[in-house]
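Produce the entire structure from the sequences given, and follow the hints as far as they go.
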Amino acid sequence: MSLRRFTNRTRKDRDLTEEIDSHLAHAQDANAARGLPQEEARRQAYVRFGNPRSTRERVWRYRSLPWMEDIWRDLRFALRGLSKTPGFTIIAILVIAVGIGVNTAVFSVINAVLLKPLTYPDPKSLVEMRNTGPQGSFAGANIPKFNIWHQQASVFQRVAAYDFGGAGLNITGGDHPEQVQGIHVSADYFALFGAPVVAGRTFTSAEDSPHGGHVTVLSYGLWKSRYGADPRVVGTTIQLDGQPYLIVGVIGRGFVTDTPADLWVPFQFDMNSQDMAHYFTVAARLKLGVTMAQVNAQLRLAADEYRRIYGKDSLPANGGFGVVSLQEATIGDTRFPLLVLLGAVGFVLLIACANVANLLLARASSRKREFATRAALGAGRSQIIRQLLTESLALSLAGGALGLILGFAGVRFLLSINPGNIPRIGEDGSAVTLDINILLFTLGISLLTGIFFGLIPAISASRPNLAATLNENGSHSGIGFRSGKLRSALVIGEMALTLVLVIGAALLIRTFLKLQAVDTGFATHNVISMAMSMSGDRFQKTAPVAQIIRDGTDRVLAVPGVLDVGVSNCLPMAGGFGMIFDVVGRPKGNSPFTGGAGFYSISWRYFDALTIPLLRGRSFTEQDNGAAPGVIIINQAFARQYWPKGDPLKDRIQIGPGAGPAFAEGPRQVVGIVGDTHDGGPNRDPFPMMYIPLAQMPDLETALNSRVAPLWWIIRSQVNPRTLAAPITAALRDASGGLPVAHIRTMDEIEARNTARQRFNMLLLTVFGSAGLLMAAIGVYGVMSYSVQQRTQELGVRMALGAQASNLRNMVIRQGMMLTLIGVVIGTGGAFWLTRFLASFLFGVKTLDPIAFIVTPLLLLAVALLSIWIPAKRATRVDPMTALRLE
Amino acid sequence: MKRPPEAGDILQGTLDMLILRTLVMGPAHGHTIAEVIEHTSENALEVEQGSLYPALHRLEDRGMVSSQWGVSENNRRAKFYQLTSKGKRELNAATGRWRRMTRAIGLILGESHE
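Sequence lines, in order, name chains A and B. Under the UniProt record's numbering, the first sequence has 374 at position 374, and the numbering climbs by one with no breaks. Under the UniProt record's numbering, the second sequence has 96 at position 96, and the numbering climbs by one with no breaks.
Careful, some of the hints might be misleading.
Keeping only pairs whose Cα atoms sit at most 30 Å apart, straight-line, the calculated DSSO-like set for lysine-lysine is [stated by the list, open to error]: (1) A:485 to A:84; (2) A:588 to A:650; (3) B:88 to A:12; (4) A:12 to B:86.
Derived by calculation from the structure, the hints in this document are not laboratory data. This structure is a prediction, so every number in the text was calculated from the model and none was measured.
In structure tokens:
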């Protein structure tokens, strides 16, 4: 269809007019030659021709919109045909809708998490600063690193620091103190992220230096909820941790950070600090046109400079600095699981396609005569294919529209079982929204699907053997050899795909069960935890913190139903701190220190509250305070790793050698060994862990702790601890002089969160596997019952000749199970190869788990047998007389 | 959008085939084509002349025939149509289809007369 056809229209029309005139003249000549008078010859020529204008119109019409008209005609025809077989149409649309729905759902999440750019201006130039080493890279910075990175002005436009998560701040001064998410940021933070300021301003660099005063910037949410979005709030003060903070500005609604913040306060770093503790994140914006090679070269120099200033032990020789795009950093390790998920739903869609193609083939074979007749009347092959493709596209688009709706219901389901660690989807998944990407994706796969499942039946149906088809005079013609083979191939493919899906699901189910069976090493049942923020000037020293722990412990123990209470600076399984150490007197060789281990500061009742068993030595007591000699308790994994020979209880441990002034403390005597806990999650081996009494921490370390993490209260009770939350929080408030608690969660919930990702993967793959299984069952049932119906006559003849009903039934079953068996063999081979991609999701199960690879094929065979049984049964009920009469 | 059925639509394929067949004998203009079809079929097939031109133009658009203006046997300006190689192939295919169909129909009609 060329445009010239339109532009040349006048010329072409003139041409046609002239041609018609020429025709009429020739006709008139011919008539005159037969002896008619001129006038009559002319009249008859006109009569014979008909209205020249209408002929011209017909040529125009054909020339102008033939394809639109063709499509319209095909579509009307398709819809009429589909509405004549509502059962087929509904099943096909539903199957497609399920296939497209699950794809839309998973794609919506992928779109929100992986594809959408970060909401900050020019997100491509934002990077997160990393520490690099042979094990990969990790985020986190101390002030000296921040300082060095700040000086790389040749590659970075801006560099800003912000809390990992933050300890929380308490809004005080009212009747009900409230714990809010206060994030410490450096002065450049808002400029770096292009945060919109709706009132006032952000921090000045003077405010972000030591003793810069108490200032804060409010989030839009807090501004709205607490101040009714009143702009006059700028310049007033808010009480935070008992201190008045001047509100200098408000950030707009559009600014959404990964860790949602209620308000921001300046870090006020002392840039001369030699403090080596890593407790914040640093992001930077690249200068325009700077390449990664330039950044890396610059950071190599920076790492050398860092080693020169802070000593060779400050940075391992094989370590350095690097950057990763902020988007990558935010996505983290979510990409791979999401892509595996997309692969799984791709399988579901393929199964759906095979199913619908099968249904279409069956339908096409019963319409052979229609196609043959049309071909006889001059319809070309391409016209028949086009007609059939119009039908399948009408089906797939209807299925796609329904799938879009299903997909959105599916997204709600996905988010409701969200493991809680999918980044970028917002608190409640609100960031997963319908956008043009998703619409295009759904439209795209609908079209592809329609072409995919429509093309094979269309091509096979468009090659009718005219004579043979028109010659056949009964319904017994059956599926021709070709389409019969095709349908069998589709069933085999469906079975194979389904088997791979179900084996994947089985592996993940086994993983989840194994994880559930792992003993965490501590009590989770009837244990509740709550966070108390210790930020503020009151808690810069150890004594007042220890006092609150003592008072709080006494008061909470007095609450009826409470069995025990412990305190810690971090929560088991919720991520903690690590610290390097030396074993006193042990030669270190080339390494600057003996090793690293998990680091907990705890109260003396902590092990009792979590019923972590004491294996050797003694537990902490209330007397292990700042006045007493330093003590430390280690876990079994620690003892095993560092004392393969010898007795840890005879040794002393020096924590944090060279880690900075906050950790400059004396050696501690090992007094006990406790049982291991699965802190990194049930799928990781317990790692070495050291525990020291909170009451024995140096003041500087307490100050740092108060700043970076809240104090966690852990309470074990006789009854459901939720029912005791109110008296416990009241007791803690009394003990702490009015401090609120937040993040109240039972340890059961925290444990569930730890296996949430496995549960998520398992649930989804089980749902997809079941959907595949159901579709495959429909597929094999459809093929077998169709073939039985088509072979009614043959079966009737066999019965008339004395075949037993059971023979016929077995024959049908044998044929159906043959297809299934081939599918199972192929699928098992596919699963052998594909399950390797699941390896990183598995725990306690091998990718070639014999149980999954035996049970699953058996399950599939059983389901197939069930779907074949019904048509097989029907085969035995064929009445020979009826069957023969059909002839 | 519904339009009344036209004779040319129903026998579309057939008319195209007949036109192509006529052009095997050499280039011809519309009036000749109509006359040849009518005479050769012993006037059994009367080409609706109004349908002839849409058909010719469609065949030309599909590359089955080409056309050029020339002078006719009785010295009138006329547009002559000529078979292209694509048109020859289509004629063969259409003839084959037609033969198979008539045979098939013949078989059926034969049976129904039992």
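Here is what the structure says about each hint:
For the proposed pair residue 485 of chain A and residue 84 of chain A, the alpha carbon gap of about 27 Å is at most 30 Å, so the pair holds. Among the hinted pairs, residue 588 of chain A with residue 650 of chain A is consistent with the structure: their alpha-carbon atoms are about 18 Å apart, no more than 30 Å. A threshold of 30 Å between alpha carbons decides the hint, and for residue 88 of chain B with residue 12 of chain A the separation of about 25 Å falls inside it, so the pair holds. For the hint linking residue 12 of chain A to residue 86 of chain B, the alpha-carbon distance of about 23 Å falls within 30 Å, and the restraint holds.
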